[in-house]
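The listed protein sequences derive, respectively, from chains W and H. Adding 190 to a residue's 1-based position in the first sequence gives its number in my numbering. Adding 12 to a residue's 1-based position in the second sequence gives its number in my numbering.
Think of the hints as simulated: they come from the structure by calculation, not from any bench. Source: prediction; values computed, not measured. Some clues are possibly wrong.
As the list claims (entries may be wrong) - Result set (DSBU-like, lysine-lysine): computed pairs, CA atoms no more than 30 Å apart in a straight line:
id, chain 1, residue 1, chain 2, residue 2
1, H, Lys54, W, Lys204
2, H, Lys54, W, Lys254
3, H, Lys82, H, Lys14
4, W, Lys254, H, Lys14
To be verified - Now the in silico label distances, taken between C-beta atoms and shown as ranges:
id, chain 1, residue 1, chain 2, residue 2, range
5, W, Gly251, H, Ser38, 19 to 25 Å
6, W, Glu277, H, Arg89, 38 to 44 Å
7, W, Arg200, H, Gly28, 43 to 49 Å
8, H, Asp19, W, Pro230, 14 to 20 Å
9, H, Glu27, W, Ser199, 27 to 33 Å
10, W, Cys203, H, Ser80, 35 to 41 Å
11, W, Ser263, H, Gly28, 44 to 50 Å
12, H, Ser38, W, His275, 32 to 38 Å
13, H, Ser94, W, Val193, 40 to 46 Å
Using N, Cα and C, we set each Cβ at its ideal position, and we do this for glycine too.
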Amino acid sequence: GAVVSQHPSRVICKSGTSVKIECRSLDFQATTMFWYRQFPKQSLMLMATSNEGSKATYEQGVEKDKFLINHASLTLSTLTVTSAHPEDSSFYICSATNRGNYGYTFGSGTRLTVV
Amino acid sequence: QKEVEQDPGPLSVPEGAIVSLNCTYSNSAFQYFMWYRQYSRKGPELLMYTYSSGNKEDGRFTAQVDKSSKYISLFIRDSQPSDSATYLCAASQGAQKLVFGQGTRLTINP
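This is chain H alone, in the form it adopts within the complex (with noise of 0.2 Å):
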């Protein structure tokens, strides 16, 4: 079993459309969990970041956190064309090495 699970997709929905992602994960000692967005041929470009439960919140973006479930979750509100990318969370025990997840795909249809 991978210790962050995540659904590769691929996702396609139409513009302005709210997009929910998803991750598991299994290792309780995780305690910072993030959410990068990558373009083709791009490096991972960092969205969201959260420490242990709870909501974050950055404008169209919210990013979820429920540690007694090891859920990750990344809310996009009004989807746009540009938005579609692959998603990856990741989570680590601190400055240590992330674990990602394998990425979805998002495809946001004008």
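So here's chain W without its partners, still in its complex pose (with noise of 0.2 Å):
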């Protein structure tokens, strides 16, 4: 089945330095990968969709120049999130879909914590 793979699994960092987190597609092209932010104990909030070659769509509330995407291949895409700060701390998710498969697959998820 479809795997997509996500690294890394856990980060510190320090505040006002940028955390990058990767994804990837392992066996099939991902023509579009989403970024979700999950609190504890809360759902999933779709923070930006990435379509391969073209600019990352934010939803409303997201700062594009915070947290920026890149989509380069149809395998890969990042989540580099600057200057982070202790209320970015969060459990950050990917997930991916290719063409005529509705069936997102997620990665295993990204836990940032800021100190």
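Since each chain comes alone in its own frame, lean on the hints to assemble the complex.
Dropping the structure here:
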């Protein structure tokens, strides 16, 4: 089945630094990738949608200059949290889908802690 | 009003019981309906995927969609302790963003 690999699974960084999270589709070409944020005991909140080769579409209230998304190839999307602050600490999850397959596959998530 | 509503629970049932999880939605344009299972600190795992109305069965799991009442259900037969997780319903209009319910925390007690 479709597999999405997300790295790192856990990262701790200092306030003011930037963190990059990678999301790779291993056995299919992901025409669209999504980035979510999840707070404890809450559902997934969509942050942005990215299509290969084009700019990401951000949901209302999500700062595009703070959460930089790059989808440079059909198998790789990255989320960079710039100038991270403690309030950015959260669980970030990516998902991917390919054309014709609507069973979105999720990565295993990245737990970011900003200290 | 949220586009997809789901009772967050928590729901606790004894092992072997039939579990019924439900969601309602408001957007009549939704055509694709999914159930995901999420274990603590893990990404969601697709359980069931349904297009339009109808039933779909996979082992102990049955998904139902009733578009006339905008109601989505997931039934788990012969529930096991390993089924303890958060279950998320989701809907979409196609290869577009998923809209998730709040998730229901389920515990199966041995």
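Checked hints:
For the suggested pair lysine 54 (chain H) and lysine 204 (chain W), the alpha carbons sit about 24 Å apart, so the restraint of at most 30 Å is met. At roughly 25 Å between alpha-carbon atoms, lysine 54 (chain H) and lysine 254 (chain W) fall within 30 Å of each other, so this suggested pair holds. At most 30 Å may separate the alpha-carbon atoms for a hinted pair to count; lysine 82 (chain H) and lysine 14 (chain H) meet this at roughly 13 Å. Restraint check for lysine 254 (chain W) and lysine 14 (chain H): satisfied, since their Cα atoms lie roughly 24 Å apart, inside the 30 Å limit.
A hinted range of 19 to 25 Å holds for the C-beta pair glycine 251 (chain W) and serine 38 (chain H), which are about 21 Å apart. Hint check: glutamate 277 (chain W) to arginine 89 (chain H), Cβ distance near 43 Å, so the stated range 38 to 44 Å holds. Taken as a hint, the range 43 to 49 Å is violated for the pair arginine 200 (chain W) and glycine 28 (chain H), whose Cβ atoms sit roughly 36 Å apart. Checking the proposed 14 to 20 Å range against aspartate 19 (chain H) and proline 230 (chain W) shows it holds: the Cβ atoms sit about 18 Å from each other.
Between glutamate 27 (chain H) and serine 199 (chain W) the beta carbons are some 31 Å apart, a value that agrees with the proposed interval 27 to 33 Å. Between cysteine 203 (chain W) and serine 80 (chain H) the Cβ separation comes to about 50 Å, which falls outside the hinted range of 35 to 41 Å. In this structure the hint that serine 263 (chain W) and glycine 28 (chain H) lie 44 to 50 Å apart at CB holds, the actual value being about 47 Å. Distance hint check for serine 38 (chain H) and histidine 275 (chain W): the Cβ-Cβ separation is about 35 Å, which falls inside the suggested range of 32 to 38 Å.
Distance hint check for serine 94 (chain H) and valine 193 (chain W): the Cβ-Cβ separation is about 21 Å, which falls outside the suggested range of 40 to 46 Å.
Of the numbered hints listed earlier, those contradicted by the structure are 7, 10, 13.
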